[in-house]
Amino acid sequence: MPASGSSSGRAVWAILRKECRSEWRTRYGLNAALLFAVTSLASTSFAVGRMSDRPDVLAALLWVVLLFAALASLAHTFVRETEGHTMVLMRLVASPTAIAMGKLIFNLLFLVSIELVTLPLFLAFMGAPPPRWGALLAILALANVALAAAATLVAAVIAQTRGRGALFAGVSFPVLLPVLAAAVSGTRAQWSGAPVGAELRLLAAYAVALLAASLLLYDHLWEDA
Amino acid sequence: MIGRALLLLWIAAWIVAAFVWAPLVPVLGETTRVLYFHIPAAWVTVLALGWSMIHSLLYLKRRNLEHDHQAAAAAEIGLMFCVVATVSGALWAKAMWGAYWNWDPRETSIFFLLLIYAAYLALRSAIDQPERRARLAAVYSAIAFVSVPFLIFVVPRIYFSLHPDPIINPRGKVDMDPRIRVVFFALLLGFTGLYFWVQSLRVRVARVEHRMEERRGSGNVG
Amino acid sequence: MEARALTHRYGHRPVLDQLSFAFQGPGVVAVRGPNGSGKSTLIRVLAGLLRTSGGETTLHVDGRATPSRNRQRWIGYAGPDLSFYPEFTALENLTFAAEARGLARPAERSRERLEKVGLAARGGERVHALSSGMAQRLRLAFALLDDPPLLLLDEPGNHLDDEGRQALATLIREEGTRRLVMIATNDEREGALAGQRVELGTRGLGDPA
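Residue numbers (numbering that gives the first Met the number 0), protein chains in the order written: chain A, 0 to 224; chain B, 0 to 221; chain C, 0 to 208.
Fair warning: there could be bad hints in the mix.
In silico lysine to aspartate or glutamate, DMTMM-like type, Cα no more than 25 Å apart, as pairs [to be verified]:
| no. | chain 1 | residue 1 | chain 2 | residue 2 |
| --- | --- | --- | --- | --- |
| 1 | C | K115 | C | E55 |
| 2 | B | K93 | B | D103 |
| 3 | B | K60 | A | D52 |
| 4 | B | K60 | C | D146 |
| 5 | B | K60 | B | E130 |
| 6 | B | K60 | C | E55 |
| 7 | C | K115 | C | D160 |
| 8 | C | K115 | C | D16 |
| 9 | B | K60 | B | D176 |
| 10 | C | K115 | C | D146 |
| 11 | B | K60 | B | E75 |
| 12 | B | K60 | A | D223 |
| 13 | C | K115 | C | E173 |
| 14 | B | K93 | B | E29 |
| 15 | B | K60 | A | E82 |
Every beta carbon over 12 Å from chain C, so not counted as near; a handful from chain A, in silico [stated by the list, open to error]:
| no. | residue |
| --- | --- |
| 16 | G48 |
| 17 | R49 |
| 18 | A93 |
| 19 | G101 |
| 20 | V116 |
| 21 | P129 |
| 22 | F172 |
| 23 | A197 |
| 24 | A204 |
| 25 | L210 |
Which chain A residues face chain C? A few, computed with CB under 10 Å, are given here [what the hints assert, rightly or not]:
| no. | residue |
| --- | --- |
| 26 | R9 |
| 27 | T43 |
| 28 | V47 |
| 29 | V92 |
| 30 | A165 |
Please keep in mind that the hints were generated in silico from the structure rather than gathered at the bench.
Since the model is a prediction, treat every value here as computed from it, not as a measurement.
Glycine included, every Cβ here is placed at the ideal spot set by N, Cα and C.
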């Protein structure tokens, strides 16, 4: 019989690898998300042109594009399990928290992959002034963690409903709003030369709060009532 | 019975007083009257949200469906009052500042609460089994509970910096004239009583609905 | 395995009502009853997949009660609701399960189990290409993955041809000498393997009479 502490970590790692391999085999989620992000970026650029002198608008647009891409794709990990009826298998091999953490880390990597493509394209297309990379990357990193934590939790909830994906955007939006607001504010600040400490602290605090809540809540999610 | 009648009389009387007895605040003019309805409605919105969230957490702890009935009822009623608060706030904003919506911190907060209520009720409507619905709704309630304080703190930061000329909120100065204060708190009390009354009615309906479902389910199908 | 006053409802329909029993392994127990009487529900409750509305179950291993939180570690479950990842091979699915559970030698162990259920040749095939009979064998291999003290099988003979059912009967008999096996079944042959029984009544829909 396996030991309890280490098996949690092993479960998370095994699940993470499974998610990555699954994504690689089907390539279903990442392609769609990238296409979505690039399309929204292109539409935005087409509609407003270059915005070199408006860091406030740029910040807002960047995060709207990223948010939309996230909303369109982060629910997949759980929705696919529900539709493939593989949750029973999951629940029999790993604890709810391990399942959640594995998928959360996957969603985090997913977000980073999208941003690796979208961010440079955004900066180029929109004629953005050069960013303060330290600040911008810090904001992105913390916002990603908060986004992943919130989105994974909400996805786990809506995957068990009739609405599934359709419900995800509406139900997760209020929970994602603090991240959006802080991220936009911080992104704008780093372009205006203002300090971003407050936004970073807020994002970090929110991420921690969400993770703490997750640890308590995931146990209640899959009792298959 | 007597209690309900008294409550109605109370509210009616103070509404009349709001129009004939209480004076106007100079800055606000005739729009003073709105604050007697708008602020109590906003207060009930928050009260209902708190009630709903507490019962959601209690459900997770105790698994008694009664808590779910309370949480769901509170959410429905809270949504109604939230709409009242938002609309009355928008009307007041139009009269005072010329625009229905400004993304002023208070307006943003109430809008955010509207979103939470709507999301919660949408989630509920997408699940058929009572126990699963109660459980998932309660989990979402807990998530929202985490996000509320952050939005209260984030909003002032981002929007005060976007609007460098702060829109002076005159509400803070209103409670000066004693007559206004009296009417205001009386109606605040009245609205709170109204909320709990409607809440109890809605919960009773929910209990009956639940029992009907049970009877229909376990009964004579074959 | 001990159950006390188990009660469960599906929606508003009561399915299990104040059920109590205690069984000790090794041995085979059959859970029988007409369709809709709650056989699957009972098995899933015992597996920790379903939370009851009332009552409790306790699994004692080596004389000590295990916390219900960790139930999955001590049981092997195979039921119709168990599905595998179609994009992975049978072997990959089992290896994933073994890795997630923190078992030693995951790939080797998975291969051994596949052999045991007669799927050794099909291990490298993606699950979506497997027939329902092969998928059923895969479920059995999964249940046996870490030699659990309690095996819970819900309709294990589903989709199996005669040869498969023979092999299954042998398997159950063998495992029954090593651990406690509880099977939910209406099949007479499988029922005959059992030393003890739980008979579920006719609550809920579908009273065949």
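Structure-based check of all given hints:
no., hint, result
1, C:K115 <-> C:E55, "violated (34 Å)"
2, B:K93 <-> B:D103, "holds (13 Å)"
3, B:K60 <-> A:D52, "violated (53 Å)"
4, B:K60 <-> C:D146, "violated (35 Å)"
5, B:K60 <-> B:E130, "holds (13 Å)"
6, B:K60 <-> C:E55, "holds (17 Å)"
7, C:K115 <-> C:D160, "holds (17 Å)"
8, C:K115 <-> C:D16, "violated (38 Å)"
9, B:K60 <-> B:D176, "violated (46 Å)"
10, C:K115 <-> C:D146, "holds (12 Å)"
11, B:K60 <-> B:E75, "holds (22 Å)"
12, B:K60 <-> A:D223, "holds (17 Å)"
13, C:K115 <-> C:E173, "holds (12 Å)"
14, B:K93 <-> B:E29, "holds (13 Å)"
15, B:K60 <-> A:E82, "violated (29 Å)"
16, G48, "holds (43 Å)"
17, R49, "holds (43 Å)"
18, A93, "violated (5 Å)"
19, G101, "violated (9 Å)"
20, V116, "holds (24 Å)"
21, P129, "holds (42 Å)"
22, F172, "holds (30 Å)"
23, A197, "holds (40 Å)"
24, A204, "holds (30 Å)"
25, L210, "holds (20 Å)"
26, R9, "holds (5 Å)"
27, T43, "violated (34 Å)"
28, V47, "violated (41 Å)"
29, V92, "holds (4 Å)"
30, A165, "violated (23 Å)"
Comparing the model with each earlier hint shows violations of hints 1, 3, 4, 8, 9, 15, 18, 19, 27, 28, 30; every other hint is respected.
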